[in-house]
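Between the sequences and the hints, there should be enough to build the whole structure, so can you do that?
Same order as they appear, the protein sequences are chains A and B. The numbering used here puts the first residue of the first sequence at 1, with every later residue one more than the last. The numbering used here puts the first residue of the second sequence at 1, with every later residue one more than the last.
Careful: at least some of the hints might be erroneous.
Far from chain A, some chain B residues (derived; all Cβ distances over 10 Å) [what the hints assert, rightly or not]:
#1 22
#2 111
#3 154
#4 207
#5 216
#6 305
#7 306
#8 314
Below are the DSS-like pairs computed for lysine-lysine, each with C-alpha atoms no more than 30 Å apart in a straight line [what the hints assert, rightly or not]:
#9 102/A with 61/B
#10 46/B with 102/A
#11 323/A with 306/A
#12 102/A with 294/B
#13 508/A with 100/B
#14 61/B with 294/B
#15 287/A with 190/A
#16 46/B with 294/B
#17 61/B with 375/A
Just so you have them, the derived chain A footprint on chain B, three or more residues with Cβ under 8 Å [to be verified]:
#18 78-89
#19 146-153
#20 263-273
#21 288-294
No lab work stands behind these hints: they were computed from the structure. Beta carbons: idealized from backbone N, C-alpha and C, even for Gly.
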Amino acid sequence: MKSWKMIFIVCLLVVSQVLASCAPAATPTEEPAATEAPAEPTVEPSPTTPPEPVDIVLWAQATVTEAGAPPDDWVAYDIIREELNINLTYVIVPTGADGEAKINAAAAANDLPDLFQMVSANNDNRGALLRLVDLGLMAPVGDMMPLMPERVKLHYNDQLALDLVTFYGEQYGLPEPPPIPKREGLVIRKDWLDKLGLDVPTTPEELFAVAEAFTTQDPDGNGKNDTYGFGGFLNGEGLGTRFDFIMGAYGVPGVWNFTGNGDFGLNVRSENYPEALAYFKSLVDAKVIDPDWPTLTRDDFRARWKQGSFGIMWEDFAALTNKSNYEPFDTNFPDAEWIPVAAPTGPDGDTYYGVYTGRGQIFGVSQKAADDGKKEAIARLLEWMATDGYYLLGFGEEGVNFIIDDNGNISTEGLDPVQAYTAPERQPYTQMRNQLIFYNSEQEIVARYPTYETIAGRLMDPMAFLGFFQNEPWVDGRGIQVILPPANAADFNRYYTEGLIQFVLGQKELNDETWAEYLAGLDSLGAADYEAAAQQSLIDAGLLK
Amino acid sequence: MTLKTLPPISRSTEKFSLKNFFHSIWRQRWLYFLMMPTLIYFAIFKYGPLWNAQIAFKDFKPLLGVMGSPWVGFQHFETFVNSFYFTDLLTNTVFFSLAKLILGMPLAIVCAIALHETWFLRYRTFVQTVIYLPHFLSWVIMFGVLLVILSPGNGLLNAIIEQFGGDPIPFLTSPNHFRWVVIFSDIWKETGWSTILYLAALLAISPDLYEAAAVDGATPLQRIWHISIPGIIPVIVLVTLLRMGNILDAGFNQIFVLYSVPVYSVGDIIDTWVYRQGVLQFQFSLATAVGFFKGVIGLVLILISNQIAKRVAQQSLF
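Take a look at the structure:
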């Protein structure tokens with residue numbers, strides 16, 4: 001009998017565990033169930049009883065993905081609760097496809113958070129918003145704008161951005177200012193050039209020659225054949241954006257022809273496109289580009305340049321020059337030096353650095369939150385983030401994590417280095433800064449990208465790199481934001497990208513016949529319709545005449 | 001020598017009555033109680049969601065819910081079957097599934113027999129631990145390990161190839177090699193784990209049979225051939241039948257982590273396509289339809305395989 005009792009107790013425990021695991025995940029605040037009809041108007045609380053706190057769930061990407069979320073005892077949560085009467089639940093969503101899948105899953109369950117950031121595997125945040133709008137899951141936010149005047153002035157002041165999040169006559173998105181524009185660029189190892197007695201390349205041919213020398217002439221002088229000319233990785237459609245300086249030399253940067261030369265459409269329609277591909281293929285054939293480029297992730301790529309694997313690359317100015325990012329490279333190669341390089345000029349005189357899309361983060365409010373009467377509280381929170389909460393969420397507590405010096409600049413002078421807002425330990429506390437807090441003011445930029453001395457005593461000025469990149473010839477591709485993916489996006493994107501990669505890697509021979517076959521295949525997948533729809537969207541948005 | 005087979009399940013010839021049925025349940029109530037957690041798990045996570053599978057035939061709208069979304073018949077099935085890469089996806093999926101089964105299973109059996117035949121207990125424990133370990137690594141970690149080994153730039157294997165005068169091989173981006181990378185990395189990761197099942201089956205064989213065979217002068221190989229292998233045939237049949245039901249599951253996690261654009265032609269499988277077209281494009285009805293399609297194919301294959309196994313090997317699931 002005793003054994004039966006034991007079995008009974010064990011089974012009870014197992015069943016309770018199973019049932020507990022089936023229960024919804026515990027959240028600090030209970031979320032109201034979704035309702036199809038708008039909620040009844042909330043009853044005004046009597047003056048003698050304090051109003052119930054509003055629960056707001058915020059989903060946003062992290063600024064530093066590896067740093068993690070702020071802890072539960074974060075002082076900001078208490079301040080938001082006390083000053084704004086809001087119980088904030090802040091959830092960090094993954095970037096790219098993982099983040100999009102998470103939001104889509106929540107949308108499918110009609111369980112979107114109250115305020116959240118659009119996430120798209122193809123950086124098509126506007127398309128992601130429109131899809132949710134069409135499903136009736138998003139609330140118009142135009143009526144929230146008067147409730148947050150300071151935020152509107154600092155964040156939502158770009159009419160084009162506002163127009164792009166307006167559908168069917170209603171504003172559905174809160175378009176945050178885009179990151180610093182044109183912030184990526186071409187850089188080269190000056191110390192390698194000097195060692196080999198080479199000049200800075202200005203044409204594709206010269207780039208090839210330098211890349212070949214970097215690959216074969218042991219530019220780091222370690223006696224090993226372990227360097228490559230180019231480094232890179234694939235991101236986005238086609239060959240991605242990391243090699244647009246090459247395609248730009250042939251007048252075909254990016255997926256779409258926004259250059260104003262010739263008709264609007266897919267760049268692959270251009271006669272120059274196969275020529276550009278042939279040049280790219282010559283880099284691959286000559287093995288002057290890191291052969292792992294098609295499989296590397298961005299993190300792998302960054303680890304490699306910090307290990308001195310290659311001498312020419314396209315990189316974000318902050319990822320390259322910010323002290324915390326540059327330090328590992330500086331430690332490995334204190335005498336090394338990266339310098340910015342101008343866009344190479346192609347055989348027909350074309351020269352484009354890349355395509356500026358102007359894409360920024362877009363936030364939205366779920367219809368569920370609006371039905372629950374939370375829009376006013378969300379507006380209150382956003383306004384606070386742009387005013388009283390700005391420094392707390394962007395930098396931390398004044399006097400502890402940062403100070404404002406006599407010139408009005410944000411500084412960490414005299415502070416405990418571990419407590420300084422720039423310290424890795426403080427990164428979880430400022431995770432919202434790039435998504436909801438910063439708006440590219442001069443004070444911010446000076447604080448974020450200070451000059452410093454390298455180990456060898458050379459002055460490193462991130463802003464000098466940024467200035468150089470921004471002054472290069474970029475194609476204005478902001479219109480890409482209104483182009484929606486085709487219905488068969490998975491097949492179309494695969495065919496488009498796979499074909500180009502196959503040509504470049506030599507998996508498919510590149511000649512007139514195979515190129516014509518490739519274009520015919522694109523047409524069989526509806527390329528012409530896609531182009532026509534894209535053109536019409538641009539015309540409708542007033543971005544193409 | 002007679003084969004040891006599982007005893008047939010006795011079937012009552014008594015006429016069915018509700019009273020007898022409940023009486024039987026009451027008599028074995030503790031056994032049923034022990035089964036409760038499993039039954040609850042299956043009810044909640046396996047059978048409950050089947051209700052939502054109806055969205056495969058609907059144009060699912062979250063606001064309208066599963067019941068309220070409009071019916072569209074077989075539209076999503078047609079979309080999938082008529083998709084540009086349908087044949088490629090099906091071929092790749094079946095290829096990976098079968099290759100993993102055909103190459104992976106014999107290796108696991110060989111490993112299990114080898115471990116079973118080993119007399120040095122410590123050595124056996126050590127080998128078991130070593131071959132189980134990769135199972136506990138995620139595919140993300142495995143990708144990092146594979147990149148270190150297979151990278152054409154500085155990979156270990158390519159360094160060896162170059163030492164012998166060969167050209168580096170882009171294993172992860174070459175369509176000619178990628179499939180083998182997928183198959184062998186799966187075998188590397190999962191063979192050790194798969195041996196557990198066969199080893200358990202081998203340990204269940206009565207030692208008397210081995211002793212009697214040894215007395216009769218049977219060599220170790222003969223003992224393996226005439227005792228060990230026949231003894232685990234029911235398990236082999238069981239595993240094969242179950243794998244046939246999942247023939248269209250080629251390992252999403254593995255492929256998703258390992259594949260890249262240059263090898264889409266040989267690496268893209270049904271599940272990765274569903275992820276791109278169904279989940280990321282918010283076509284959950286399409287994704288469900290493909291899941292339904294896979295389930296039906298799997299069920300048909302299980303039924304056919306079961307009949308074949310019953311006739312050929314006198315073993316079956318049901």
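Hints, verified against the model:
no.: 1; hint: 22; in the structure: 21 Å, holds
no.: 2; hint: 111; in the structure: 31 Å, holds
no.: 3; hint: 154; in the structure: 7 Å, violated
no.: 4; hint: 207; in the structure: 29 Å, holds
no.: 5; hint: 216; in the structure: 43 Å, holds
no.: 6; hint: 305; in the structure: 32 Å, holds
no.: 7; hint: 306; in the structure: 30 Å, holds
no.: 8; hint: 314; in the structure: 36 Å, holds
no.: 9; hint: 102/A with 61/B; in the structure: 17 Å, holds
no.: 10; hint: 46/B with 102/A; in the structure: 21 Å, holds
no.: 11; hint: 323/A with 306/A; in the structure: 13 Å, holds
no.: 12; hint: 102/A with 294/B; in the structure: 24 Å, holds
no.: 13; hint: 508/A with 100/B; in the structure: 29 Å, holds
no.: 14; hint: 61/B with 294/B; in the structure: 23 Å, holds
no.: 15; hint: 287/A with 190/A; in the structure: 21 Å, holds
no.: 16; hint: 46/B with 294/B; in the structure: 15 Å, holds
no.: 17; hint: 61/B with 375/A; in the structure: 24 Å, holds
no.: 18; hint: 78-89; in the structure: holds (count 3)
no.: 19; hint: 146-153; in the structure: holds (count 4)
no.: 20; hint: 263-273; in the structure: holds (count 4)
no.: 21; hint: 288-294; in the structure: violated (count 0)
Consistency with the previously given hints fails for numbers 3, 21, ordered from lowest to highest.
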